[in-house]
Amino acid sequence: MFKRHGLSAFAVVIAAFILLPVIVIGSYAVLADGALWQHLYETVLSEYLINSLKLLFGVGTGVLLLGVPTAWLTSMCSFPGRRWFSWALLLPLAMPAYIIAYTYTGILDYAGPVQSSIRELTGLGYGDYWFFEIRSMGGAIVMMSLVLYPYVYLLARSAFLEQSVNSIEVGCSLGYSRWRALWSLALPMARPAIIAGLSLALMETLADYGTVQYFGVSTFTTGIFRTFYGYGDTAAAAQLAVGLLAFVMLLVLLERYSRRRARYHSAVESKARADLIPLEGSKALIAFALCLSPLLLGFMIPTAQLLYWAIFEAQPLGWDFVELAWNSFSLAFMAAIIAVILAIILSYAKRNKPIKPIGSVIAISGFGYALPGTIIAIGVLIPLAWMDHSIITMFEGFGWDNPGLLLSGSLVALLFAYTVRFLAVALGSVQAGLEQIKPSLDHAGRSLGHSPWAILRQIHVPLMRSSILTAVLIVFVDVLKELPATLILRPFNFNTMAVRAYELASDERLVDAAPASIMIVLVGLIPVLLIHASISRRRPQ
Amino acid sequence: MNLMNKLILSTFAAGFLSVTVAQAADVVNVYSARKEALIKPLLDEFSASTGIEVNLVTGNADALLKRLQVEGSATEADLFITSDVGRLHRAKEAGVLKRVSLPVLENTIPQALKDSENYWYGLTLRARPIIYAKDRVDVGQLSTYEALAQPQWQARICLRSSQNVYNQSLVAAAIHAIGDQATQGWMEGMVNNLAKSPSGGDTDQLKAVAAGVCDVTIANTYYLARLINSSKTSDQAVAKRLAVFWPNQKGEGAAGRGAHFNVSGAAFTKHGKNHNEAKALLEYLASPKAQAWYAKINNEYPVVKGVKISPALKGFGDYKMDPIDLEILGLNNRQAIKLMDRAGWK
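Protein sequence lines, in the order shown, are assigned to chains L and C. The working numbering numbers the first residue of the first sequence as 1 and each following residue consecutively. The working numbering numbers the first residue of the second sequence as 1 and each following residue consecutively.
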């Protein structure tokens, strides 16, 4: 009995630690005097709010339209290229949103090759012809949808694949058509996964700074940066960040409400695969086009442009790229392992003792995902520096040498920030995996006298291996792309590929940023391909 | 699984070991808001000639300032370098800087380009004039920054976002010259005259003017110089269509106050532990050799007299600088952003 409580207590301690930066930011928000708030309220706040809502709605629609149909087609239908698409559709995950934004701007804006040739060929001046303005709200929505839809695709596809075939078969034998079975059975059953993917995409959207800033779209997050950097007002920036969290709570509540008491695991065990629905002729062509377009726009075109810049126009990367790549890789790897271990402990504690407080604490511990990296970095820096000061005082008390900034000046700060920021991603995947395991297995284990730890290690972890691997790999890719927190918290002489790409891009040398950008994409491809392999292996094809 | 465990452990170990400890002998630790590419070569050269090792973290000036504040007495940083005087002033206000009088620098850097109490020293000058399309703008129509609010510029102006610190400093200088109300009125006029909503950097504005999106903009000269010196023909083509106009050169009072400029500079941190090394580095950054490097590589104006400027800068001609006390740019910064918010400058 003690062990069961021990697990819950341990989970709560972890969650509290993860929440520490959020609490620090929250307490700053309380301290604000409100003078600047008044000014923001009178001038820019409503614009921030409206733009953030537009962006959320737009990207939400975009990722669902791109992610769900492609997931369904590649997991349930057979058409030419299906196998290839099933992994290739993940590729845009490796593309950071700010980099795809820079790249498309380079191609499509007024000074880019497309519009320049239109002017040269037609003799028209700028404004005499209509052209899509890439630097706009619409542009931001398209850019983010193109790189964020893989979250929905990934989770929806693995849900479709893991659905017990029997449910669909039974549906069909009761007279449902395949399509009817999709709408009435497969989609509702996959809803937790789709919503989980959607909320990841939306949280990422809320936290985005690079894309919207570059496009001149003022959102809550650019407002936070302006308040923190421009006004130098941490407290007012913290207040805005708390406002951002209110959005997130809304998202989380929505998600929980949509699931309510539903059960999503199948009571019957079946690993048989349903026959794929064969598509032919125009139907196959439509399916092919539907799958090709996000891949083409979200990966192939920008990658080709980046490669062109990197090879023909940019200053080449020196040998220090080896160091940059190693720094990025090792950080991402470490952060992924930490985040996933914590996610397993937390989700398991919730499963083991599904009482309200624990569920809520765990839901809240994922909030960091929606906070901009800068805010998290500040929230991490303050408590760690405080601990460092205590350590230094203690060392001095013993008459030892000053150890320096052991926590805030080292990789500990970065890893802590990444965990806070990306725990939600790991939690999403791990929880989804855990939910698919029947509780009767737990009961059986417990009635045989095993402790929760033993059941977790010997039953659950092996059963949800692929969910765990997926979680590791998504966090890995996310950390690889992460920029703002890395920029603030990194130790001396420590750069990553994202930092290098950003420094050149923000110095308005987009073309020179291409080699580092393409490296991020290429290193990010490795885990993306591994994710695919892990999902496919689940089922005999 | 055993192999996996080993792999994980060794990544952690190697990851942590790859971070060098910034506390060896003969070392100076730098927090720099200047980008790595625009400072590292100088630091390497400094290390090679003095044997003093330089550890560097680059980043946003305000984020680095926050780090300095939070680290307090435990900070490892010795020097704080920024690309804008407003942030140096903010650091001084925050109490994280140390007064250091350096006789060598006092003789070479003009009084106006350093802090009156020796809290910071300017290292390079950055001018922010009007840049216009040669084929579409009659130079006779250009006069002052303030005149860009006139209706004749309707839908002809491009501006970078007010998020940008160079624009904030420009407005801070205007507040000093013409007051809050006139500054806000000026910005409202310019915002009305915008051809497109502010987005992108200075280079993007220059390209927009060249492409015909708008006819004038306000930008730092080194961005134009970079396009002139670029090896890409498309960049050179952009530069060929553009010219610099030095505003506020003639006339009485504010109208003739001179063109806006800003400095990048450096300061000692209050709790820095490597004082002598930091002093050596700062003196090196103000040496003719380093000054010539800034002029050549990034087309910035040197602060030390007698150092040659780049041919591109020379081509922009001589100009009168606004003799404003640079501290005022820092003092007025917050007010500038407030007025920009009110004027609707995004």
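Keep in mind the hints are simulated off the structure, nothing from the lab. It should be emphasised that the depicted structure is a prediction, and the values quoted were computed from it without experimental measurement. Quick reminder that beta carbons are idealized off the backbone N, C-alpha and C, glycines included. Worth double-checking, as some hints may not be accurate.
[Stated by the list, open to error] Covered by chain L, per the in silico footprint, the following chain C stretches (three or more residues, Cβ under 8 angstroms):
(1) 32-40
(2) 329-339
[As the list claims (entries may be wrong)] Below, simulated DSS-like cross-link-like pairs (lysine-lysine); rule was C-alpha separation at most 30 angstroms, straight line:
(3) Lys40(C) with Lys54(L)
(4) Lys40(C) with Lys346(C)
(5) Lys54(L) with Lys273(C)
(6) Lys40(C) with Lys92(C)
(7) Lys250(C) with Lys134(C)
(8) Lys273(C) with Lys289(C)
[What the hints assert, rightly or not] Label-pair restraints from in silico Cβ distances:
(9) Tyr129(L) with Arg136(C): 14 to 20 angstroms
(10) Gly306(C) with Tyr129(L): 33 to 39 angstroms
(11) Glu106(C) with Tyr129(L): 54 to 60 angstroms
(12) Leu20(L) with Met321(C): 46 to 52 angstroms
(13) Phe312(L) with Ser49(C): 54 to 60 angstroms
(14) Ala155(C) with Phe312(L): 49 to 55 angstroms
(15) Leu250(L) with Ser73(C): 38 to 44 angstroms
(16) Ala304(L) with His275(C): 51 to 57 angstroms
(17) His275(C) with Leu20(L): 32 to 38 angstroms
(18) Arg136(C) with Ser136(L): 22 to 28 angstroms
(19) Met321(C) with Gln38(L): 55 to 61 angstroms
(20) Gly72(C) with Ser136(L): 31 to 37 angstroms
(21) Val104(C) with Phe312(L): 30 to 36 angstroms
That 55 to 61 angstroms hint for Met321(C) and Gln38(L) (C-beta), does it hold up? violated (37 angstroms)
Against the 30 angstroms threshold, does the CA-CA distance of Lys273(C) and Lys289(C) hold or violate the hint? Holds, at roughly 27 angstroms.
Using the C-beta atoms of Leu250(L) and Ser73(C), is the stated range 38 to 44 angstroms upheld? holds (42 angstroms)
Taking 30 to 36 angstroms as the hint, is the beta-carbon distance of Val104(C) and Phe312(L) inside that range? violated (46 angstroms)
Please work out if Lys54(L) and Lys273(C) have their alpha carbons no farther apart than 30 angstroms. Between Lys54(L) and Lys273(C) the Cα gap is close to 50 angstroms, so the pair fails against 30 angstroms, i.e. violated.
Pair hint Lys40(C) and Lys346(C), alpha-carbon separation not exceeding 30 angstroms: Violated. Lys40(C) to Lys346(C) sits at ~33 angstroms, over the 30 angstroms cutoff.
Determine whether the Cβ-Cβ distance between Arg136(C) and Ser136(L) falls within the hinted range of 22 to 28 angstroms. holds (25 angstroms)
Is 51 to 57 angstroms a correct range for the gap between the Cβ atoms of Ala304(L) and His275(C)? holds (52 angstroms)
Verify the coverage statement for the region 329-339 of chain C against chain L, using a C-beta to C-beta distance below 8 angstroms and requiring 3 or more qualifying residues. holds (count 4)
May I ask you to test the hint 54 to 60 angstroms on the CB atoms belonging to Phe312(L) and Ser49(C)? Because 36 angstroms falls outside the window, the suggested range is violated.
The hint says 46 to 52 angstroms between Leu20(L) and Met321(C); measuring C-beta to C-beta, is that right? Cβ of Leu20(L) to Cβ of Met321(C): about 49 angstroms, so the range 46 to 52 angstroms holds.
Pair hint Lys40(C) and Lys92(C), alpha-carbon separation not exceeding 30 angstroms: holds (25 angstroms)
Of the numbered hints stated above, those contradicted by the structure are hints 3, 4, 5, 10, 13, 14, 19, 20 and 21, listed in ascending order.
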